[in-house]
Amino acid sequence: MVSRGFFGLRRPQPSRPLPPGQYWEQGFPVLTAGVTPQISLKEWRFSITRDNDELKTWTWDEMLALPQSDITVDIHCVTKWSILDSRWRGVSIDTFLEASGLDVPEQFVMAYCYGGYTTNLPMADVRQGKAYVAWEFNGEPLEPRHGGPARLLVPHLYFWKSAKWVRGLRLIDKDAPGFWEQAGYHMRGDPWNEERYWGD
Amino acid sequence: MTVPQGVIWQQARVESIRRDTPTVKSFLLRPATWRAFRAGQHFDVRLTAPDGYQAQRSYSVASAPERTGVLELTIELMPGGEVSPYFHDVVVPGDAIELRGPIGGPFTWSTADGGPVLLLGGGSGVVPLMSMLRHRAMSNAGDRPGATLLYSARSLSDVIYREELEAMASADPGLNVITTLTRSAPSGWPGPARRIDLALVRQSIAATGSPRHVYCCGSDGFVESVAKLSVEAGVDASLIRTERFGPTGA
Chain A
1 MVSRGFFGLR RPQPSRPLPP GQYWEQGFPV LTAGVTPQIS LKEWRFSITR
51 DNDELKTWTW DEMLALPQSD ITVDIHCVTK WSILDSRWRG VSIDTFLEAS
101 GLDVPEQFVM AYCYGGYTTN LPMADVRQGK AYVAWEFNGE PLEPRHGGPA
151 RLLVPHLYFW KSAKWVRGLR LIDKDAPGFW EQAGYHMRGD PWNEERYWGD
Chain B
1001 MTVPQGVIWQ QARVESIRRD TPTVKSFLLR PATWRAFRAG QHFDVRLTAP
1051 DGYQAQRSYS VASAPERTGV LELTIELMPG GEVSPYFHDV VVPGDAIELR
1101 GPIGGPFTWS TADGGPVLLL GGGSGVVPLM SMLRHRAMSN AGDRPGATLL
1151 YSARSLSDVI YREELEAMAS ADPGLNVITT LTRSAPSGWP GPARRIDLAL
1201 VRQSIAATGS PRHVYCCGSD GFVESVAKLS VEAGVDASLI RTERFGPTGA
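Protein sequence lines correspond, in order, to chains A and B. Note that this note's numbering has the first sequence beginning at 1, numbered continuously upward. Note that this note's numbering has the second sequence beginning at 1001, numbered continuously upward.
Any given hint could turn out to be false.
[Said to hold, decoys possible] Examples of chain B residues toward chain A, derived with CB under 10 Å:
hint : residue
1    : A1055
2    : R1057
3    : P1085
4    : C1216
5    : D1220
6    : E1224
7    : G1234
Since the hints were made in silico from the structure, they are not lab data. Glycine residues also receive a C-beta, built at the ideal position from the N, C-alpha and C atoms.
Construct all of the structure, not just a fragment, from the sequences and the given hints.
Laid out in structure tokens, this is it:
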């Protein structure tokens, strides 16, 4: 349906296409459902969990001692903005899983966070260099309001999957909805298929 | 669990337009298919140019869920924006708008959720809170949990729904509305004229008692600040729900 009298702003367009329905945002907006938790580096932990057992846990210094990855990626938020060429440093989920030495038959994970947020992901979406625990953004330590000290970074999915203040990954056999997924957001959230909400 | 329903695009007819403030207008839309919503939820709006170019934005509903058949979207004009200037400068009654929704879960409230409820709104962040208050006003007086709205606006002429809020509060001892003006206040303004601080949050909590639910909506900086102040005032962080405006491009 053409909107009478609408022609669009035609802002400068990025050199590569954006996913459908997205627009180019030059800032870094914040979207959070609750209060920003303040987590000290001393108390920070990241764990791989099965049921309620923390099978392997890293402190901040232990995380920093793991091989680091520098990645430059585009970010797509379900609320329509995209930021391009954001630079992140962090540790890939592959690195954590390999360092854990665990046998991991599960096909899904539930990321869980300081502050209680959760989001579900297929294992295939967090392996093979597709997901990270990121702690540096554009060369600076990640601010608390953007998920610092460290957030999950899963840039190929909508940004709600990149859980702020991540505390660990729970290995699960069957997919289950996390916080936003229970509220009507898509279980997978691929921006290129515009998987925003249930039924998309 | 509710059976997941797809949120499909549909057309809505613009029934009427009201100017609220120099930069805010409210649009009464009648969707082709009515879909019930909860106070606090939003709808996505999609505009399409003749060549297929599209722009989408999310807008909170201001009307009460009880007012079935129509949705009021209150839209602030964002200078340099793409969708809000279209609504302000182009849209007239009778136009068709594409939308889908309702969307959003955590930032919702109904009288059945209980209270007291503390609503903290900055600027047009008052919109989803107004839906909650209108919903509350439409329930039986005996079923209304206590509520306080602490509303921060730049000046008196920027206060959205001013007369309606005054009328609502004067008719209802269980509702307190505290408006604070941050940029300019008329001489003789009886209310506070400063940014929301700990004293104002404490005063708001004292008005209706320790809150069971807190909703903060506004710009990123506003929400960050008032959510933190609520925690400092003794509110358990798990009771606080926040919604921040999207980025600049609205």
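Outcome of the hint check:
no. : hint  : in the structure
1   : A1055 : 6 Å, holds
2   : R1057 : 7 Å, holds
3   : P1085 : 9 Å, holds
4   : C1216 : 9 Å, holds
5   : D1220 : 5 Å, holds
6   : E1224 : 6 Å, holds
7   : G1234 : 13 Å, violated
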